[in-house]
Amino acid sequence: MSDWDIAIKRGVEHNVPRVFKVLREHPYLEDLARKVREGKLEVLSNLDHYIEMTMKSVEMIGGKAYFVENAEQAREIVGKIVGSGKRVVMGKSMVAYETGIRKYLQSIGNEVWETDLGELLIQFADEPPSHIIAPAVHMTRERIRELIKEKLGIDPGDKHEDIVRVAREFLRQKFLTADIGITGANAVAADAGSIVLVENEGNIRMSSVVPPVHISITGVEKILPNLEYAMYEVLVQAAYAGLYPPTYINVTSGPSSTGDVEQKRVSPAHGPKEFHLILVDNGRRKANEDPVLREALLCIRCGRCHFHCPVYRALDGKWGDPPYSGPMGAMWSGVVYNDYKPALLCSHAGNCREVCPMKINIPKVLEYLKSKYFMMKAGTREG
Amino acid sequence: MIDEDQINFIRRNLLKYLMEDYLPFPVNKSVCYEWANGLNLKKGGETIIYTGCSYQLAELGKRFDEILPTLSKFKGVERFSSILKVFYKPRDTRSYKILRNIASVLKSSVDFGYLYENEPYSGTILLEMGMIEEFREYAKKLIELFNSHGVKRIITVDPHTHYTLFRIKEMFSSSWNVEIVNYFEVIKNIKIKSEGTFVFHDSCLYSRFLGMRDSIREVIKSAGIVLKEDEMITGKETSMCCGGPLAPINKDASDKIARNRAEALKTVHNKVLLVCPFCYANLSPYVEAYDFAEVISGE
Numbered sequence: 001m002s003d004w005d006i007a008i009k010r011g012v013e014h015n016v017p018r019v020f021k022v023l024r025e026h027p028y029l030e031d032l033a034r035k036v037r038e039g040k041l042e043v044l045s046n047l048d049h050y051i052e053m054t055m056k057s058v059e060m061i062g063g064k065a066y067f068v069e070n071a072e073q074a075r076e077i078v079g080k081i082v083g084s085g086k087r088v089v090m091g092k093s094m095v096a097y098e099t100g101i102r103k104y105l106q107s108i109g110n111e112v113w114e115t116d117l118g119e120l121l122i123q124f125a126d127e128p129p130s131h132i133i134a135p136a137v138h139m140t141r142e143r144i145r146e147l148i149k150e151k152l153g154i155d156p157g158d159k160h161e162d163i164v165r166v167a168r169e170f171l172r173q174k175f176l177t178a179d180i181g182i183t184g185a186n187a188v189a190a191d192a193g194s195i196v197l198v199e200n201e202g203n204i205r206m207s208s209v210v211p212p213v214h215i216s217i218t219g220v221e222k223i224l225p226n227l228e229y230a231m232y233e234v235l236v237q238a239a240y241a242g243l244y245p246p247t248y249i250n251v252t253s254g255p256s257s258t259g260d261v262e263q264k265r266v267s268p269a270h271g272p273k274e275f276h277l278i279l280v281d282n283g284r285r286k287a288n289e290d291p292v293l294r295e296a297l298l299c300i301r302c303g304r305c306h307f308h309c310p311v312y313r314a315l316d317g318k319w320g321d322p323p324y325s326g327p328m329g330a331m332w333s334g335v336v337y338n339d340y341k342p343a344l345l346c347s348h349a350g351n352c353r354e355v356c357p358m359k360i361n362i363p364k365v366l367e368y369l370k371s372k373y374f375m376m377k378a379g380t381r382e383g
Numbered sequence: 001m002i003d004e005d006q007i008n009f010i011r012r013n014l015l016k017y018l019m020e021d022y023l024p025f026p027v028n029k030s031v032c033y034e035w036a037n038g039l040n041l042k043k044g045g046e047t048i049i050y051t052g053c054s055y056q057l058a059e060l061g062k063r064f065d066e067i068l069p070t071l072s073k074f075k076g077v078e079r080f081s082s083i084l085k086v087f088y089k090p091r092d093t094r095s096y097k098i099l100r101n102i103a104s105v106l107k108s109s110v111d112f113g114y115l116y117e118n119e120p121y122s123g124t125i126l127l128e129m130g131m132i133e134e135f136r137e138y139a140k141k142l143i144e145l146f147n148s149h150g151v152k153r154i155i156t157v158d159p160h161t162h163y164t165l166f167r168i169k170e171m172f173s174s175s176w177n178v179e180i181v182n183y184f185e186v187i188k189n190i191k192i193k194s195e196g197t198f199v200f201h202d203s204c205l206y207s208r209f210l211g212m213r214d215s216i217r218e219v220i221k222s223a224g225i226v227l228k229e230d231e232m233i234t235g236k237e238t239s240m241c242c243g244g245p246l247a248p249i250n251k252d253a254s255d256k257i258a259r260n261r262a263e264a265l266k267t268v269h270n271k272v273l274l275v276c277p278f279c280y281a282n283l284s285p286y287v288e289a290y291d292f293a294e295v296i297s298g299e
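Which chain is which? The protein sequence lines are C and S, in order.
The numbering of the first sequence is full-length UniProt numbering, which starts it at 1 and goes up by one.
The numbering of the second sequence is full-length UniProt numbering, which starts it at 1 and goes up by one.
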């Protein structure tokens, strides 16, 4: 067996039964998932309106909101906020990967650290993530041990716990001295301007609270009509990802504030003095106009479909255009990169549709992308 | 991962062969209907058994998939197809036995005919590849053909043909009013030939696209077959594909999926029961596999 085969086998054996157990023990989660789907469809059916509402709400609570059409504009705005010569900590954001934020910030003279353990390993190895929320799922712990030895000069030993301890010691000092924290957002509440983030490591909480500036970058499809729906979204995401209850749920509504002096709300308090929300389009609004592709935008990035997909497993996790991988990634390669080739590799096993909390008919979306590929070919003179 | 030359080669030739001969690749048509020789099935009729040439072409298709990467690099190779159509007759006798057994089991519960040399291939590969516009074109031709023979009720014997007809009905619901049933829905009083315990490899299409997972298991168990289950390997959400549909696009990935699936099944039981000719073609190199229609007989 290859390294990948060993790693994914362990990953599946840990994850799949745990998600089944979580869903059995908390039957309300399926109801919440249905509500999240409704909320997302409501937003998508009136997307521009909700983008505008979100941006106004963010400004109302003292934050700054930006809408960007593509990756280049996203880099430009983040670059302006950060400047150079800064230390930046990043809580895992796939949209930051999609828009190339880390490497761009490094190129203009900043020290940038990924703080999600999996993402840090990806940064150490300079490899693309192999799973939407478990980016280093392709690495065995034996490989991780070697990687840490090579990059940090410390042998963490062979135990999962010891590997995590070494990473913890390395990163704590980065959190405490960072100038800027960059996170994504699992959900954005249009009515409140709040972002909601779910995690287990504590890295997102630290990245979003300790540095004086917090930037959140996310896709426009993460908007939900209100904070109630946004809270449901993170619960559902955590459950279908397999770690439930999640260790932390973070709600951020603008910069830190207090009302303790005569009940007047003033900002900042102890947390960040600046909050920036960057909403990224990059193909999403165009996809939203297509009734079949709109379904892809419902994805909440739980990564469950990956673990049930025979193709993802057989292709060593290298299916789709990074950071998007697996069945959802084959859809998203079409959404953000106009690349329909990954869809051709779908064998329509159908498991992804069965396990998707948003009930996305993934095989149908991929069949549609395949047909778009063939129509495009037929339209050219090739062959 | 994707060889676009290969895909272009398939795109250029597939629909051409289908539209000319109702077959996906150049092979003598007799390969499809010879299985019925000597069974005395009546020709045509309102109710027909329809194989879609799935069983007959599964092994051959696999051989084509193996040579596709080389074939697609040769210029002018398409010229040989007319020769193959006449002389190439690779008989898969195992598949003939399976079809004969299905037909004889069906005979006791339903009256049906067969189209013999007029029986077309189902077009399932177009669906698998995602060539939907091309599929639509071929589907119209199939509807015309079935209508010209006065077919009102079709009994399918494999998941791919069944699913394909289901999709055609969905696409042309107003113009094609034919009843489509699967042999699992029709057969009665079947018995296993000798005592048997198996692990069942679900067909993805039956199980997850056609909602037949439970009803098929019921039929299998009613024949006296014992099925071993494991939630992580044979569950609705966990049982995996055999890799078959991917073979024309990426043979290596297809084989890897087959090996992974076979290894998982073996941890449940050494004998695998399946109900799809493509699953058999893909899994049998790696595990002891049996088609359901091989292990049963009518009473």
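Rather than coming from a laboratory, the hints here were simulated on the basis of the structure.
One or more of the hints may lead you astray.
30 Å max Cα-Cα, derived BS3-like pairs, lysine-lysine [stated by the list, open to error]:
id	chain 1	residue 1	chain 2	residue 2
1	C	Lys372	S	Lys73
2	S	Lys169	C	Lys364
3	S	Lys107	C	Lys372
Quick list of the computed label-pair ranges, beta carbon to beta carbon [as the list claims (entries may be wrong)]:
id	chain 1	residue 1	chain 2	residue 2	range
4	C	Lys318	S	Glu195	41 to 49 Å
5	C	Asn361	S	Gly298	37 to 45 Å
6	C	Met1	S	Lys193	50 to 58 Å
7	S	Glu294	C	Met375	35 to 43 Å
8	C	Asn361	S	Lys140	19 to 27 Å
9	S	Ile67	C	Glu30	53 to 61 Å
10	S	Ser148	C	Lys318	46 to 54 Å
11	S	Arg12	C	Glu169	42 to 50 Å
Quick reminder that beta carbons are idealized off the backbone N, C-alpha and C, glycines included.
Hints, verified against the model:
For the proposed pair lysine 372/C and lysine 73/S, the alpha carbon gap of about 25 Å is at most 30 Å, so the pair holds. Taken as a hint, the lysine 169/S and lysine 364/C pair is honoured in the structure, with Cα atoms around 17 Å apart against an allowance of 30 Å. For a cut-off of 30 Å, the pair hint linking lysine 107/S to lysine 372/C is broken: about 44 Å separates their Cα positions. In this structure the hint that lysine 318/C and glutamate 195/S lie 41 to 49 Å apart at CB holds, the actual value being about 45 Å.
The supplied range of 37 to 45 Å is met by asparagine 361/C and glycine 298/S, whose beta-carbon atoms lie about 39 Å from each other. A C-beta distance of roughly 37 Å is found between methionine 1/C and lysine 193/S, which places it outside the suggested range of 50 to 58 Å. Roughly 41 Å separates the CB atoms of glutamate 294/S and methionine 375/C, a value that falls within the hinted 35 to 43 Å. Between asparagine 361/C and lysine 140/S the CB atoms are about 25 Å apart, so this pair conforms to the stated range of 19 to 27 Å.
With their beta carbons about 48 Å apart, isoleucine 67/S and glutamate 30/C fall outside the hinted range of 53 to 61 Å. Between serine 148/S and lysine 318/C the beta carbon distance is about 48 Å. The supplied range of 46 to 54 Å therefore holds. Distance hint check for arginine 12/S and glutamate 169/C: the Cβ-Cβ separation is about 60 Å, which falls outside the suggested range of 42 to 50 Å.
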